[in-house]
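Colleague: Based on the provided sequences and hints, a complete structural model is requested.
There are 2 protein chains.
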Amino acid sequence: MAGKVFFSATMSLDGFIAPEERVDDPDRRRWTAQWMELQQWIFPQRFFQENLKLGAGGEEGRDNDIARETFERTGASVMGKRMFDLGEQAWPEDAPFHTPVFVVTHEKRDPWERPGGTTFHFVNDGIEPALDQARQAAGDRDVRIAGGGATILEYVNAGLIDEFSIALAPVLFGSGIRLFEGVDASRVALEQVRAERSPRVTHLTYTVRER
Amino acid sequence: MAGKVFFSATMSLDGFIAPEERVDDPDRRRWTAQWMELQQWIFPQRFFQENLKLGAGGEEGRDNDIARETFERTGASVMGKRMFDLGEQAWPEDAPFHTPVFVVTHEKRDPWERPGGTTFHFVNDGIEPALDQARQAAGDRDVRIAGGGATILEYVNAGLIDEFSIALAPVLFGSGIRLFEGVDASRVALEQVRAERSPRVTHLTYTVRER
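Chains as they are written, first to last, in this note's numbering: chain A, 1 to 211; chain B, 212 to 422.
Be a bit skeptical, because a hint or two may be false.
[Unchecked claim] Derived DEER-like restraints, expressed as beta-carbon distance ranges: (1) Arg-211(A) - Asp-321(B): 40 to 50 angstroms; (2) Ala-267(B) - Leu-52(A): 57 to 67 angstroms; (3) Arg-398(B) - Lys-53(A): 46 to 56 angstroms; (4) Ala-267(B) - Glu-163(A): 34 to 44 angstroms; (5) Pro-96(A) - Leu-371(B): 36 to 46 angstroms.
Please keep in mind that the hints were generated in silico from the structure rather than gathered at the bench.
Think of the CB as a built atom: it goes at the ideal place given N, C-alpha and C, for glycine as much as any other residue.
Modeller: Put into structure tokens, the structure is as follows:
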């Protein structure tokens with residue numbers, strides 16, 4: 001049985017998944033504060049702390065369960081080059097995926113194996129071949145389109161996503177990077193599957209039907 | 212005990228509350244189809260049909276209960292001039308509010324009493340006086356900021372809203388009128404109170420805390 005293709009993202013109530021990028025902004029504090037507010041549901045979770053080897057503490061509860069389930073269902077991930085570049089500087093040695101990760105990029109590069117089971121594969125021929133390779137690697141588990149937003153949207157607009165998983169944060173951004181900017185609404189019809197208020201966010205799941 | 216000030220709107224997953232207005236578009240079918248898709252949870256409800264005297268049938272269930280509760284908690288409404296102008300042409304004689312409605316407008320006009328208990332009052336000195344009059348009229352029931360989007364946002368940004376009530380529809384618009392376009396995010400902090408998946412939408416409630 002083949003797995004599903006899904007993405008899982010944290011979105012502000014007004015539709016943003018990241019603060020506005022200001023390359024010339026020497027002060028990263030505003031950016032970081034806003035991003036932390038959006039993502040704050042995940043940091044205290046036991047699964048998050050364990051997975052990043054920050055310690056054995058942390059909260060348990062629905063938010064933790066959902067973070068863990070998202071990890072456990074994922075047999076392989078796909079990400080864009082931009083997300084990889086940022087992550088390459090930010091992830092610990094022991095990168096938090098612990099599965100194969102397929103990076104859509106023009107850069108030719110040998111697979112990059114990290115301790116703990118994460119191997120990055122660099123795919124040069126577009127989003128569909130990257131997804132095919134991820135499906136193969138995932139076996140009967142699911143493929144997660146990990147990000148960034150532009151990569152998620154490319155897959156959505158190509159009709160390649162089976163399921164949206166959104167942690168809707170009780171936060172307003174006012175500006176920033178919108179998850180659904182440029183979505184091809186004529187292509188995607190959604191069916192809601194779950195809406196669950198957890199202590200910190202609302203977990204929404206939608207399955208995609210073709211129109 | 213004074214009531215709360217709230218708004219209640221149906222929003223697409225990507226943040227829109229209405230399709231794009233194209234004044235020069237002779238074909239209103241696209242607009243109407245998109246708007247109907249967004250609002251489709253409300254039309255089949257028994258409360259909706261009763262309130263507009265469309266008949267005594269209709270669905271019962273959580274969507275119906277929530278539509279009825281929203282109506283019953285409302286002691287007075289406030290709306291912008293644009294919404295009033297559109298409604299004046301669209302509402303039946305027996306307008307669906309059945310309470311006083313305060314219209315924020317520059318137009319001077321005598322109160323307009325409709326059969327069934329709706330009286331429109333035209334307030335010329337801005338959003339705060341309109342709200343004050345609505346509070347007075349509502350007694351211990353709540354005041355609903357009925358719309359449109361720009362009026363709701365004026366009240367949000369002025370810090371005058373206690374509660375957001377959003378029916379999140381499993382629909383993507385891609386373009387249109389955004390509920391939170393121009394929100395003053397530095398002003399509003401939210402606490403989530405409810406997230407309930409009904410058969411057709413997800414009902415979200417947030418209370419507002421000042422930052």
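Colleague: A separate judgement is required for each hint: does it hold in the structure or not?
Modeller: Hints and how they fare:
1. Arg-211(A) - Asp-321(B): 40 to 50 angstroms: holds, 49 angstroms
2. Ala-267(B) - Leu-52(A): 57 to 67 angstroms: Check passed, 59 angstroms falls within 57 to 67 angstroms.
3. Arg-398(B) - Lys-53(A): 46 to 56 angstroms: At 39 angstroms between Cβs, range violated.
4. Ala-267(B) - Glu-163(A): 34 to 44 angstroms: holds, 40 angstroms
5. Pro-96(A) - Leu-371(B): 36 to 46 angstroms: The hint (36 to 46 angstroms, Cβ to Cβ) holds, given that Pro-96(A) and Leu-371(B) are roughly 43 angstroms apart.
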